[in-house]
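Peer 1: Model the placement of chain B on the given structure of chain A, informed by the hints.
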Amino acid sequence: MSVPANETVLAVSGLGKTYAQPVLGDVTLELRGGEVLALTGENGAGKSTLSKLISGLEIPTTGQMLYRGQPYAPGSRAEAERLGVRMVMQELNLLPTLTVAENLFLDNLPSRLGWISQKRLRQLATAAMAQVGLDAIDPDTPVGELGIGHQQMVEIARNLIGDCHVLIFDEPTAMLTAREVDLLFTQIERLRQRGVAIVYISHRLEELQQVAQRIAVLRDGKLVCAEPIQRYNSEQLVNLMVGRELGEHIDLGQRTIGAPLLKIDGLSRGDKVREVSFEVRAGEIFGISGLIGAGRTELLRLIYGADRADSGQVALGQPPVPVTIDSPKAAVKAGIALITEDRKGEGLLLSQSISANIALGNLGAVSRAGVLDADAERELAERQIGAMRIRSASPAQAVGELSGGNQQKVVIGRWLERDCQVLLFDEPTRGIDVGAKFDIYGLLAELARQGKALVVVSSDLRELMLICDRIAVLSAGRLIDTFDRDHWTQDQLLAAAFAGYQKRDALLHDAAPRMDA
Amino acid sequence: MKTTTNTSDAAPVRRSGTYFGLGTYLGLAGALLAMIVLFSLLSSHFLSYATFSTLANQIPDLMVLAVGMTFVLIIGGIDLSVGSVLALAASTVSVAILGWGWSVLPAALLGMAVAALAGTVTGSITVAWRIPSFIVSLGVLEMARGLAYQFTDSRTAYIGDAFAWFSNPIAFGISPAFIIALLVIVLAQLVLTRTVFGRYLIGIGTNEEAVRLAGIDPRPFKILVFALMGVLAGLAALFQISRLEAADPNAGSGMELQVIAAVVIGGTSLMGGRGSVISTFFGVLIISVLAAGLAQIGASEPTKRIITGAVIVIAVVLDTYRSRRASRRN
Numbered sequence: 001m002s003v004p005a006n007e008t009v010l011a012v013s014g015l016g017k018t019y020a021q022p023v024l025g026d027v028t029l030e031l032r033g034g035e036v037l038a039l040t041g042e043n044g045a046g047k048s049t050l051s052k053l054i055s056g057l058e059i060p061t062t063g064q065m066l067y068r069g070q071p072y073a074p075g076s077r078a079e080a081e082r083l084g085v086r087m088v089m090q091e092l093n094l095l096p097t098l099t100v101a102e103n104l105f106l107d108n109l110p111s112r113l114g115w116i117s118q119k120r121l122r123q124l125a126t127a128a129m130a131q132v133g134l135d136a137i138d139p140d141t142p143v144g145e146l147g148i149g150h151q152q153m154v155e156i157a158r159n160l161i162g163d164c165h166v167l168i169f170d171e172p173t174a175m176l177t178a179r180e181v182d183l184l185f186t187q188i189e190r191l192r193q194r195g196v197a198i199v200y201i202s203h204r205l206e207e208l209q210q211v212a213q214r215i216a217v218l219r220d221g222k223l224v225c226a227e228p229i230q231r232y233n234s235e236q237l238v239n240l241m242v243g244r245e246l247g248e249h250i251d252l253g254q255r256t257i258g259a260p261l262l263k264i265d266g267l268s269r270g271d272k273v274r275e276v277s278f279e280v281r282a283g284e285i286f287g288i289s290g291l292i293g294a295g296r297t298e299l300l301r302l303i304y305g306a307d308r309a310d311s312g313q314v315a316l317g318q319p320p321v322p323v324t325i326d327s328p329k330a331a332v333k334a335g336i337a338l339i340t341e342d343r344k345g346e347g348l349l350l351s352q353s354i355s356a357n358i359a360l361g362n363l364g365a366v367s368r369a370g371v372l373d374a375d376a377e378r379e380l381a382e383r384q385i386g387a388m389r390i391r392s393a394s395p396a397q398a399v400g401e402l403s404g405g406n407q408q409k410v411v412i413g414r415w416l417e418r419d420c421q422v423l424l425f426d427e428p429t430r431g432i433d434v435g436a437k438f439d440i441y442g443l444l445a446e447l448a449r450q451g452k453a454l455v456v457v458s459s460d461l462r463e464l465m466l467i468c469d470r471i472a473v474l475s476a477g478r479l480i481d482t483f484d485r486d487h488w489t490q491d492q493l494l495a496a497a498f499a500g501y502q503k504r505d506a507l508l509h510d511a512a513p514r515m516d517a
Numbered sequence: 001m002k003t004t005t006n007t008s009d010a011a012p013v014r015r016s017g018t019y020f021g022l023g024t025y026l027g028l029a030g031a032l033l034a035m036i037v038l039f040s041l042l043s044s045h046f047l048s049y050a051t052f053s054t055l056a057n058q059i060p061d062l063m064v065l066a067v068g069m070t071f072v073l074i075i076g077g078i079d080l081s082v083g084s085v086l087a088l089a090a091s092t093v094s095v096a097i098l099g100w101g102w103s104v105l106p107a108a109l110l111g112m113a114v115a116a117l118a119g120t121v122t123g124s125i126t127v128a129w130r131i132p133s134f135i136v137s138l139g140v141l142e143m144a145r146g147l148a149y150q151f152t153d154s155r156t157a158y159i160g161d162a163f164a165w166f167s168n169p170i171a172f173g174i175s176p177a178f179i180i181a182l183l184v185i186v187l188a189q190l191v192l193t194r195t196v197f198g199r200y201l202i203g204i205g206t207n208e209e210a211v212r213l214a215g216i217d218p219r220p221f222k223i224l225v226f227a228l229m230g231v232l233a234g235l236a237a238l239f240q241i242s243r244l245e246a247a248d249p250n251a252g253s254g255m256e257l258q259v260i261a262a263v264v265i266g267g268t269s270l271m272g273g274r275g276s277v278i279s280t281f282f283g284v285l286i287i288s289v290l291a292a293g294l295a296q297i298g299a300s301e302p303t304k305r306i307i308t309g310a311v312i313v314i315a316v317v318l319d320t321y322r323s324r325r326a327s328r329r330n
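Protein chains in written order, with full-length UniProt numbering: chain A, 1 to 517; chain B, 1 to 330.
Hints listed in this document are in silico derivations from the structure and should not be mistaken for laboratory results. This one's a predicted model, so the numbers in the text were calculated from it and none came from an experiment. In this text, a Cβ means the ideal position worked out from N, Cα and C, and glycines have one as well. Among the clues, some could well be false.
Claimed, not checked - Covered stretches of chain B, as calculated for chain A (at least 3 residues, CB under 8 Å):
# : stretch
1 : 22-35
2 : 205-212
3 : 215-228
Bound conformation, chain A alone (with noise of 0.2 Å):
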């Protein structure tokens, strides 16, 4: 059944969307069957309303499509599921309670007068998941046991059942582990082979390389370029993207690494985080590095308080004397701040404008007598607006409509009025364009600049080369060394991360390890 190469199956052309104002225009555009399309563009520049607009998700303003020589309007996402085009989105949708193979045939579990045919439940999602390499897990496990990987893996196996011609992947690869992404490209791999058309969304530039053909560049909703993807090189194509040069090195100005500011003695929290001992200085980026899994996120939020530490001290000023902190409210007072990995969940009110995000924390500042004064926070919000270049409509504009970029620059903006000391980034570039990430590098050398401790948490290995003083590897739950700029190579960092797990088998641990470099 296999399709001719390049044969079109979805064009799509003038297609456009408008909501107040237009945020994809008159974009053309054909996929072809047996070729992997790699879309890509700064956050906010349209990709997932192009995607959304295709899978039935939205209804376009403007424009046609022709799937398959026919006139294609789809109203809802299952009926353009039902005539094959369908989307992996990045949340996921699975049931936690439920397991694989129900997740997995949900819509059409096999069944007879009503009652489940487990044995036959069992026989398909057994088949639907060696196709993406699942064959060591029992379909019978419930998904929330299951690492968020792996649930990743599930969700793409769901996809994969039943009439598929075009297939989008949003940013498949956010969550996996380098394993799991290797056995995404032998599946995207097979289903190019049998002729469907996929789009591959991803700001990763090396993974698009890898896996795709040709390359769609969107840029403020408009489409810059649709071309062979081995026409462009990675700095040619962030080019593209953005618009603008942007150089492997950055400048961080002249900065002062004065005396210590924070001190980590011994801190502890069941496997998690074991022993962990560090200063980060005054003035000073100090990375964190180490596989997902590691205890990084855990290691930051056992210092802001916000889990117990079962042992262990946190000091804290010049020199650092030791500080008891047991919620967040003591750290914040004690001068340390937290910007958390997962923004959306943990960081904003997303329902909430601007302005109400940034005041969070800082109402004492914008009122009076625990009275508001809406002037004022109007002014503060425009400030960090303004300072931190947040792409917006207005202050009242709700915070869940900005992009990825612009959200964690709230955020960050809500920490800045507060003046901390000691500043903690939990991964604060993921899911963001490569625009926005070097507005946050510069504004972490601000920091920096003026005398904060910055303690920074990331995957992406050659950003925290990038920008960090020192780099600090933590491997199953404990610091494993502190590398000084200069001092380092990738092949040490890398060595470091895995040096924990040489015990076990690393990669069946339920977080594998993964590096992004």
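Peer 2: Same frame as chain A, but now just chain B:
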């Protein structure tokens, strides 16, 4: 037209929190007006001074309870105990006056304090053990009712006209109780929209973890909301005593559902994070006018309940439809 400076009409935003656009209020007012017109056509007696004066004197207890419930729903909680706590407060007042010979003011304060305590208990248990307030308040509902029976020996206690001034009309058929309830509404709306406390409540209802990680301990605020609910149930108890000249241990039975219905009809979200006291007031008026109108046209008790139930469901369906349409932009 009066608009706040930070809400530009051109901005394509889905607003939430305390922002209930003029459209929401106009819609609720329109629904209310339509009901009044309908009942006026169906009954020649409906559109009269007597009807509205009676209404104004009957609803103050519902009004203040609904204000408290609006706050509780905004933080993502629910309080089923309000009717029982009302009865507990009333019984306490009767014991203080009849049993111990206290005068009116200390007895009234004691009643409100007991109600506040009941609310604080609900809030503290909810917060301390992270139990859904639904279950905790269900338990408190039973306990408060039991105590009310115990205090009064399960009999209605006649207190007399000591509280009568509350519900005696002073002008245009309006009583001090109604005026107090109106003041409570205005004050609560200001607290919700203009104070740090109100902002925290909206934040807690939207994303409690985000509030906690922003360095704010949400727990005292949550307890305070339940305590406030208790105080307002105590106030509602005083209104009832003044109207009935008695403390009835059966008072407020089932009233929690009426209160929740009024708040939800107003458009406050059961999921938390979104609410307005003004629209709650419209909800109270809608549900009260409906009850009064149905009584006037001679609807039977079963018919009244069926129609009231249908109105609640329709109101929630309309509100959900409206907010979905608004959020589809995301």
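Peer 1: Each hint: holds or not?
Peer 2: Hint-by-hint comparison with the structure:
Only residues whose C-beta sits within less than 8 Å of a C-beta in chain A count toward coverage, and the stretch 22-35 of chain B has 0 of them, not enough to reach three; the restraint is violated. Counting residues of the stretch 205-212 of chain B whose C-beta lies closer than 8 Å to any C-beta of chain A gives 6; at least three are required, and the coverage claim holds. Interface restraint, the stretch 215-228 of chain B with chain A: holds (3 residues with C-beta to C-beta distance below 8 Å; minimum three).
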